[in-house]
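Visitor: Order-wise, the sequence lines are chains A and B. With the first letter of the first sequence counted as 1, position 496 gets the number 496 in this note's numbering; the numbers rise by one all the way through. Start counting at 1 in the second sequence, then tack on 1000, and there's your number in this note's numbering.
In silico BS3-like pairs for lysine-lysine, Cα to Cα no more than 30 Å straight-line:
hint: 1; chain 1: B; residue 1: Lys-1714; chain 2: A; residue 2: Lys-502
hint: 2; chain 1: B; residue 1: Lys-1154; chain 2: A; residue 2: Lys-502
hint: 3; chain 1: A; residue 1: Lys-299; chain 2: B; residue 2: Lys-1186
hint: 4; chain 1: A; residue 1: Lys-299; chain 2: B; residue 2: Lys-1181
hint: 5; chain 1: A; residue 1: Lys-339; chain 2: B; residue 2: Lys-1014
hint: 6; chain 1: A; residue 1: Lys-550; chain 2: B; residue 2: Lys-1714
hint: 7; chain 1: B; residue 1: Lys-1150; chain 2: A; residue 2: Lys-519
hint: 8; chain 1: B; residue 1: Lys-1714; chain 2: A; residue 2: Lys-552
Derived from the structure by calculation, the hints contain no laboratory data. Here the structure is a predicted model, which is why all the values come from computation and not from measurement.
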Amino acid sequence: MIAEDTMQILYERAQEEWSKIEKNTLPVVYVGSATCGRAAGALETEEIIKNLLIKNKKYATFVEVGCMGPCALEPIIMVQPSDGIPICYGPIKPENAEEFVRRIFLEEGVWEEKLIGVMSTDEFHGLPPITRHPMLAPQVRNVLRNCGLIDPENFYHYLAQGGYRGFLKALDIGADAVLEEIKKSGLRGRGGAGFPTWRKWSFARETQADEKYLICNADEGDPGAFMNRSVLEGDPHSVLEGMLIAGYTIGARHGYVYCRAEYPLAIRRLEIAIQQMYEHGLLGENILNSGFSFDITIKKGAGAFVCGEETALIASIEGNRGMPRPRPPFPAISGLWGKPTVIQNVETLANVSLILQRGADWYVQYGNENSKGTKTFALAGKIKRTGLVEIPLGIPLRKVIFEVGGGILDDKEVKAVQTGGPSGGCIPAEMLDLPVDYEALTKAGSIMGSGGMIVLDEDNCMVDIARYFLSFTQAESCGKCTPCRVGTRAMLGILERICSGKGEMMDILRLETLAQTIKQGSLCGLGQTAPNPVLSTLRYFRHEYEEHIKAKECRAFVCGPLISYHIDPERCAGCTMCAKACPVKAISGKRKEPHVIDPGTCIRCGQCLRVCPTIYSAVYRRSGSRVRYEPIKERKKKTG
Amino acid sequence: MNVVIDGKTIEAIKGETILECALRNGISIPHLCTHPALPPFGACRICIVEVEGMRGYPTSCSTPIAEGMVIHTQTEALRLLRRNILGLMMLEHPSACLVCERRELCDKYRPKSEKVGATTGCHTCNNKEVCEVRELSADLGLAEIMVAPKYHYKPVERSEPFIDRDLNLCILCGRCVRICKLHQGKSVIDFVHRSSQTHIGQAFGKNLHEAGCTFCGSCVDVCPTGTLSDRYAKWFGRPDAEIKTTCIYCDEACALTIYAVNNKAVMAKGLYDHLPVCVLGHFAIPEFLNSPNRLRTPQIRVNKVLRPVTSEETVQRCAELLKNYTGTSFAFICDTSSTLEDRHVFKKFTQEVMQSPYYFEIIPDKKGYAKVANIPEEVKAVITTGLFIPQEYRNRFEVVIALDIFPSEWTKSADVVYPVATFAETSGTVLDRNNQLRPLVKACNPPGEALPEWSVIQQIAKTISENWKEYTSVEDISRELGFDSAKLNLDRSSAPPASQNLKERREWFKGHCMENYVTGLVAVRNFEEGNPHEEKTSIKIEVNIPENPEHFTVLSRRELVPNTYEFVIYAPAIARKASPGQFVIVMVDESSERIPYSLSDWDENKGTITLVIQEKGLSSRKMISVMEGERLAHVVGPLGTAFEIKQYGTIAILGGCYGIGAVVRLSRALREKGNKVIVISEARSHYMAYYEKELTAVSDRFIQTTIDASSGEKGHAIDGLKRLLQAGEKIDLIVAVGCPFMMMITANETRDTGIKAVCALNPIMLDGTGMCGACRISVGGETKFACVDGPFFDAHQVDWDEVRDRREAYSAEEIQAISFTMPSTTIQGEHHYHQCSCMGRG
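Turn these sequences into a full structure, and let the hints guide you.
Guide: Right, here's the structure in full:
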């Protein structure tokens, strides 16, 4: 029935293509050239290497691959000597390219300092395998299985990795069995809420309608989150295969990928992949003679955060203003154009193709009781190794921070971990043994979210963090419902007041009342979760709020208006450096005599502290009862 | 299908929402953004309920009812949440009046004609009498505002035809957006921007006409606040009558509801929520009917001049004139805007009394304009019910009797002019384009001595012919015509073409061009011709004030708070002579009203005076639209008796509204004399408070009170004073300067303290020198002139009711003046965005 021979031919062709790379005669150079790699200079590096090789009459095949994950090591270049095992290096910045060519290609050696590992499970000529790299060792790369290893624009590369075998299996076993398989896998929505995927599908499947839709939600909008982008840029077919399977199961005829326009590379790769699918008969009428027809259209979002919300996303596709509408009716019953619609996150769909390829029984080996499989996270903040990681659900948060992430920068004390982006919350250091799963994170006052994970240390002010996240949701509120539109602004106003030292104790009560009103009264998920950063910091770091209000003290020395600058007369040698640097002439004092800062004139720019010679370190900051002599860390802004 | 709501088992209908089911069964759930004509929206979140087994608090307006649902609508948690949500909504809507303890007293006392500026409280709101927000806040027991409200500082949009839009009141319920989509099938208006910047507007800053608006007015009808208002109707308050009738502007014969106050039509709208009417049906009726140009008295030509006479004389004259023109020398010309009953009488009169075959019924063309030229040569006498005969044919006729609503060349050259009732001023039956009979119901009185057309003709008929069978009422005629009044209905299933396409509208009625009587239609025409009416805005232009400016030049003008402006005027003679407590009288131009303003400050050396002026009515609006560098026509002063500056002890000076500005100099002078001066300044909310720094500098203690407690203490200035007294502060004298209401409550609530209280009265004034007596008031039973004996009087002796009544004396004229001049006059729209001093407070 199904045109299996068509696929057989394709797979044979894919094997051929792939073996060109595996059994290479020329060296193969893999360049991690997703957006993250490009930002780090991967394309420049590639260009320089190419030119140098030509100049030296050396030849190699170049493959542009997706993101491997370790952002701190970008650009990552992998070199596979002829007939050998690929060896991974990073970071190879454009300025390192020349040395790289000399060491690897001309001297045919290994550049130990830049070595990440060999792409093998065992040691190879004394070189450590990449799996032993401390950042990668604890990870399980299922969703990211092909990212960084295959050419995302090469259809055969995906096929060679077992691609579309999941879809073939789905056609083979039928929709009911697919649903059963997904149910058995325990897969839950990776967009944040964790709704069981099979339940959503079965609602839509059971609803009678002449038309049904499947939407892939690629409107990733959390600040600092890039999990979906990496998958779309590194392995678009894994998501599209998931869409085929989902569309087939629920009985949809049309699929949409709603991708934000800020992801041009992801959109381009999706377009290429969809084109390839049409060319090879995996989209369109009567796919593989199975009777199943399916089309996929890309819809570009204009960058509104709220359009990640299901009903707002639907409104946006329909050409309306992206504003959510109340549910019920749920989209699975009445969604796009009033038809049953299933909306799944990119990562969920990438999981679906994997589950069908390898089976639910294989899939459930990862994760714990209620949270199965793996989850990708964008690890950021005050951590040694930032980047995109994928871990099995259920492992302790501590393991993610200290093993995958390598611990805290400058070996400071971890204060909290923020998960779930602006809808999430802060989990304090005492709770780091918490397993990373949907229920545990929710219970702790945060959420799984789509995968943002920001590590905060003692230099982060928790009130300021809450203020930052709230300012994001406040600005992104669509303005439709009262609690979210007005409430978030009112809360933000109070937080700003507290951060500027004008708070009163009543403000904490007001924040709590407002937070409850917004949580309970808002129309959509954006509003309902917007107070989470404030509520969770109030829950675990109430003392910081109280210090800000009562003692006008910011223990992290972040909130400018609560910090004053002083000169220690014991230490000051009267070198006049600070007086010269002060832009407002707030510092007075005679040469070789201790200087004084006039607090009324001082604008707290910190210039004096920066210029005070370390041999004196006479300038110090005070906030409440706390005093700090150490210089300002310029890095601070990053987590901001 | 059975459901349980608040413990009651109820039969529900499949497909309805929880709210619909509850309301149908008499269970009230508070709601705001939902509207019976509109699909659910779920934005305001007021109608939330608890449903057992459902997560959170679903909105009842959007949740479909389902078998076996157990719903709670009135739990404590719900009440609290609803109140908190409303509290949040009120942060973006002027809300101080909703939580004011003296609200009811204020409602009774405040003047009605102060709806000129941007709305900052209920008393100046367009919607005051019919406000869903007020009702809801009373229902939910809203008593306090949690955090300081945010005022939008949006200029009131007054440049569109017929519709005023004050976005400062908007709660973003989206009703207007949804009804526009429903009625027009497009989004002329929509939500613009996001988060707290969200507002209702047209795409890309277009004006309404460019955006495709047909001025069907449906958005105004559904607005629950005063954001969108009918520019004409907003002045008249709550209508006392509501009459369903048929529109006779064209043969679409739409069903309308006419709202009337004191038998005067003030507002009209479509009868059906689901169907729009056209611009004329919605906006053009009250202004057209109430036009000051209407014919009011019968007139006959005496010695070549038309003179008003009694109706008997007029009828008599008609009979005399027509006597010699029976048969084919007479013709009657009417059109189909007269009722079938009217026309029956016309026809009968022509045929039976005048025995003429020439009865003409004109059917107006598409625009409503039709004139006849083919009247037989033999006709020498005509009766017309409108402007139907081109003026060049006038000389053909020896006798012209004009029944009409408006004067024209035709009426001016007629032998007899009789004013008649039309439209909602009369009853009868009309025929629509589908030959269906529709009832026309009287909703208001005709102007002056105007009568229904049939009744005028019947009187003439009776005088000429003894055989005329008299009709006692319209029903009499209907009966004769065989109309079954029970079969008349207002049913309608489709929208009139003009509601979808502005170009389809009628432009003429009874031969009169409607633009001449409905100013908004002029604006529509201007928009169509690409000359939109633009407001004068105060984009600050560099003005070079000369070193020796002319007298009364405005040297600086700035907006202190919404509607309140500080003017510095060059007036060296006044500055030289002024003393604390005195005032000036300003005339903006040669024909302006004379308005008294307290002197806020002055500078003898620079020769300047400072006035604080609040935009309240027509004249103050004229005043605030004077820009820097421009000149006022006259400033007279200083007037009034100065406040006696001497040693009193401890003085409490209470300032409110424009009065805050007036106490600066007084406070300084009293303090310099060795008094302890406590200044208490009241404002509705933090964004209405001004001069904090100035007043702190001139007082020993400055107390700010706001009604919503958003800045300083809660309450009116008097509450601040009472707290002082309670705390044991010994006060020797109270001075209150502000609106009459504020001074009245200060007087009433300090009467028992035994402390002397003086207030600065500001009644209507004309000359300001004690001649005209316009400003007279009663103090302690004695009549005083506020201009020369005042402005300061013993507050406890003032007859406050009289003060109020005298202030209200000309409010009808004020409303008339404002409503007739506003749409056509270029009027100030203030930009609060860039240069405004209130920027920092937003």
